[in-house]
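Trainee: Between the sequences and the hints, there should be enough to build the whole structure, so can you do that?
Sequence order for the protein chains is U and Y.
Mapped onto my numbering, the consecutive letters of the first sequence carry residue numbers 42 to 133.
Mapped onto my numbering, the consecutive letters of the second sequence carry residue numbers 42 to 133.
One copy or two, it doesn't matter: identical chains are merged, so the pair holds either way.
In silico DSS-like pairs for lysine-lysine, Cα to Cα no more than 25 Å straight-line:
(1) Lys108 / Lys63
(2) Lys108 / Lys84
(3) Lys84 / Lys63
Worth flagging that the hints you see were computed from the coordinates, not collected in a lab.
Model, not experiment: these values are computed from the prediction.
There are 2 protein chains.
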Amino acid sequence: MNRFQLEVRIKPRPGLLDPEGKAIHHALDSLGFEGVDDVRVGKLVDLQLEAPSEEEAIERATQMCRKLLANPVTENFRITVANEPSDGGRPA
Amino acid sequence: MNRFQLEVRIKPRPGLLDPEGKAIHHALDSLGFEGVDDVRVGKLVDLQLEAPSEEEAIERATQMCRKLLANPVTENFRITVANEPSDGGRPA
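Mentor: Okay, structure coming up:
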């Protein structure tokens, strides 16, 4: 068994309303930020999985998205494999 | 002015409690998914910005994170530039 760090990005489907994104867009305008055309908000799920292979890890994560993490009616998801356990992020 | 599609990933800082991640971890166990070691949940913000340069777009997004999007005490953020407007994601 190997350990895989997967990143799952779940976003509202294009064309669907995104109230949270709209609210953030409005707040950014109120704060004086200019040039913002669109804001969409999604969910980020970091999964640390033990699996025999990378393919199997991705397959399991796909099943997790279908059964629990994403709403198939309103959301799309994308799974990527991180080379190393996430460090939690830093400003780019 | 050019238009930039930025992806902002906001995650709970390592070591901090993540109740939503714990809840999802528990739910995955209940659904019979094996080999899940850890689950952390963050936020994904897609920003479409008009800015004179990529550097300026990233700088603005960094300010947005500091002032509104991320909680500096509990969260880290990372900003990446997408080459083209996001298509909303598909299963990998």
